[in-house]
Amino acid sequence: KQEVTQIPAALSVPEGENLVLNCSFTDSAIYNLQWFRQDPGKGLTSLLLIQSSQREQTSGRLNASLDKSSGRSTLYIAASQPGDSATYLCAVRDNTNAGKSTFGDGTTLTVKP
Amino acid sequence: DTGVSQDPRHKITKRGQNVTFRCDPISEHNRLYWYRQTLGQGPEFLTYFQNEAQLEKSRLLSDRFSAERPKGSFSTLEIQRTEQGDSAMYLCASTEQFTDRYFGPGTRLTVL
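Chains as they are written, first to last, in my numbering: chain A, 1 to 113; chain B, 1 to 112.
Simulated from the structure, these hints should not be mistaken for laboratory data. Take these hints with a grain of salt, some might be off.
[Said to hold, decoys possible] Among the chain A residues that face chain B by a calculated CB cut under 8 Å, a handful are:
1. F103
2. G104
3. G106
4. T110
[As the list claims (entries may be wrong)] Derived DSBU-like pairs: lysine-lysine, alpha-carbon spacing no greater than 30 Å straight-line:
5. A:K112 - A:K42
6. B:K11 - B:K71
7. A:K1 - B:K14
8. B:K57 - A:K68
9. A:K42 - B:K71
10. B:K11 - A:K42
[As the list claims (entries may be wrong)] Calculated Cβ distances over 10 Å to all of chain B for the following chain A residues:
11. P8
12. E15
13. N22
14. Q34
15. S70
Source: prediction; values computed, not measured. By construction, the Cβ of each residue, glycine as well, lies at the ideal position given by its N, Cα and C atoms.
Using the sequences and the hints given, assemble the complete structure.
Encoded structure:
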């Protein structure tokens, strides 16, 4: 059974700092890995999708890496801003036809002005 | 098309009542998923549809839960005889094959 762990559970940084969020998974047989952002009481917004054959994806100040063999992914946020404050969720999609995702419990980020 | 929509956004009900939620996916997406999220946890998979066929259900989906997607478009999730443990955010997502997955805003259920 796939298990996804995100460390740290919470993180508080001053504005402008670069930071890294970590995600680890136990079964390397994944189809892809996706990072989401969730604001309080809201749905999920997709940030980056990395296919299993890829090593990283970039979008603006965000960079996500994937090391499938070691079961790890990182989300790097450059020059953090107060608007980045949210919960960041990592989800791995399995290789079955259903392609369901297993989520971590998220890292809650607070960026202080 | 503005994305995945869910209705209602909030539902408060008394224990023992039945509730039904609706999800309207992005129109060209043939795959639809339901997830449940409790406070401080990541979403957990409940069930999956490909077109109108329900192809997989989680063990989390007890006999009190039923989901349908009658014409391969919108989907409904019904919970019968609600319990306080059913209080959660219910999220719907849609995708076309294995492309990016789009989530709706969720329905927050509170069972008193």
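Examine each Cβ of chain B, and state whether all of them lie more than 10 Å from the Cβ of A:P8.
Fine: 14 Å to the nearest Cβ keeps A:P8 off the interface.
Once the shortest beta carbon distance from A:G104 to chain B is found, is it less than 8 Å?
holds (5 Å)
Hint consistency between B:K11 and A:K42 [alpha-carbon to alpha-carbon, up to 30 Å]
holds (15 Å)
Are the Cα atoms of A:K1 and B:K14 separated by 30 Å or less?
Answer violated: A:K1 to B:K14 is near 35 Å, above 30 Å.
Given the hint that B:K11 pairs with B:K71, test it: the Cα-Cα distance must not exceed 30 Å.
holds (25 Å)
Verify the proposed pairing of B:K57 with A:K68, using a straight-line Cα cut of 30 Å.
At roughly 27 Å apart (the allowed maximum being 30 Å), A:K68 and B:K57 satisfy the hint.
Any Cβ of chain B at or closer than 10 Å to A:N22, or is the non-interface label fine?
holds (14 Å)
Chain B contact restraint for A:G106 - C-beta distance below 8 Å:
This hint holds: A:G106 lies near chain B, its Cβ roughly 6 Å from the closest one there, short of 8 Å.
A:F103 as chain B interface residue, shortest Cβ-Cβ below 8 Å:
For A:F103, the interface hint holds, since the closest Cβ of chain B sits about 3 Å away, which is under 8 Å.
Hint check: is the beta carbon of A:T110 less than 8 Å from a beta carbon of chain B?
violated (15 Å)
With a cut-off of 30 Å on the C-alpha distance, tell me whether A:K112 and A:K42 pass.
Holds - the C-alpha atoms of A:K42 and A:K112 are around 21 Å apart, at most 30 Å.
Could you let me know if the closest chain B CB is still more than 10 Å away from the CB of A:S70?
At roughly 21 Å from the nearest Cβ of chain B, A:S70 sits farther out than 10 Å, so the non-interface label holds.
Of the hints listed earlier, those the structure fails to meet are numbers 4, 7, 14, in rising order.
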